[in-house]
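Given chain A, work out where chain B should sit, using these hints.
The listed protein sequences correspond, in order, to chains A and B. For the first sequence, the working numbering assigns the number 1 to the initial residue and increments by one for each residue that follows. For the second sequence, the working numbering assigns the number 1 to the initial residue and increments by one for each residue that follows.
By construction, these hints were calculated from the structure, which means they are not laboratory data. No experiment lies behind these values; they were computed from the predicted model shown. Treat the hints with caution; some may be incorrect.
Claimed, not checked - Simulated crosslink set (SDA-like; lysine to any residue; CA at most 25 Å straight-line): (1) A:LYS24 - B:LEU112; (2) B:LYS32 - B:ARG128; (3) B:LYS54 - A:HIS57.
Said to hold, decoys possible - Derived CB-CB ranges, DEER-like: (4) B:GLU45 - A:GLN21: 31 to 37 Å; (5) A:GLY28 - B:GLN23: 39 to 45 Å; (6) B:LYS67 - A:HIS44: 15 to 21 Å; (7) A:VAL26 - B:LEU138: 23 to 29 Å; (8) B:SER63 - A:LYS37: 26 to 32 Å.
As the list claims (entries may be wrong) - Footprint (simulated), chain A over chain B, 3 or more residues, beta carbon under 8 Å: (9) 9-23; (10) 87-95.
For every residue, glycine included, the Cβ atom is placed at its ideal position computed from N, Cα and C.
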Amino acid sequence: MIYKVSYVVKGGQYPGCIKNQEEKPVVGGIVAIGPKKFEVIEVHEMMPPRDDFQFLHATVKAVGESNSE
Amino acid sequence: MSLTAILQHSDLFQGLNESQLAQIMNISQERKYNQGDVVFAQDSEGDAMYVIAKGQVEIQIKSESGKKRSAVYLGEGQVFGELALIDQGKRSASIVVIEDGTIIYRILSEALNQLCATDTAIGYLMMRNLAKDVSFKLRHQNRLVADL
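So that you can see chain A by itself, here it is in the shape it has in the complex (with noise of 0.2 Å):
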């Protein structure tokens, strides 16, 4: 299975990335996007799955940052 994955940096003060992966996101997980190394928050479908590729939208924060607003 390919999993491509929308991650999106929560506060949107940083772009954030498309990229297809072997494994899925899983929250607590650790994605580098650009320079810069985040941790998953959040994970959800955000297409229906069609053959071999999942579609899946990621929330991610910096590592070390709380998770509240």
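What follows is chain B alone, placed relative to chain A:
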């Protein structure tokens, strides 16, 4: 990773069989980039679309005042430059490579359009997948706006 495996890793080529993928491979050119390389500049003429096999690129948009902002990063399996293929317009953004050793495949619009016209099954699948990719990018942008 072979080019076939790379193409199968990109949803742009979803549904194409091995013979059809081989035809896409025949019109693809591999290029290697380093950090800071510009794949193409905003407002330049668009004559090709690109598929990222390895690494990440930054989509930069420059305002009329000359201020640059980063719109999104694209990683493996992603397509860029496809708008010029669809509407023949100028490039709407600049593409800057952010990782050394980034590998990108370039597919000339003319060759792809010719292939799609010759083999309409490829044409249908490619256009369907392109539409789906544009839809995904719009949904991504909607999430960004919702999060502001």
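Now the hints, each set against the structure:
no.	hint	result
1	A:LYS24 - B:LEU112	violated (32 Å)
2	B:LYS32 - B:ARG128	violated (28 Å)
3	B:LYS54 - A:HIS57	holds (21 Å)
4	B:GLU45 - A:GLN21: 31 to 37 Å	holds (33 Å)
5	A:GLY28 - B:GLN23: 39 to 45 Å	holds (43 Å)
6	B:LYS67 - A:HIS44: 15 to 21 Å	violated (34 Å)
7	A:VAL26 - B:LEU138: 23 to 29 Å	holds (26 Å)
8	B:SER63 - A:LYS37: 26 to 32 Å	holds (29 Å)
9	9-23	holds (count 5)
10	87-95	violated (count 0)
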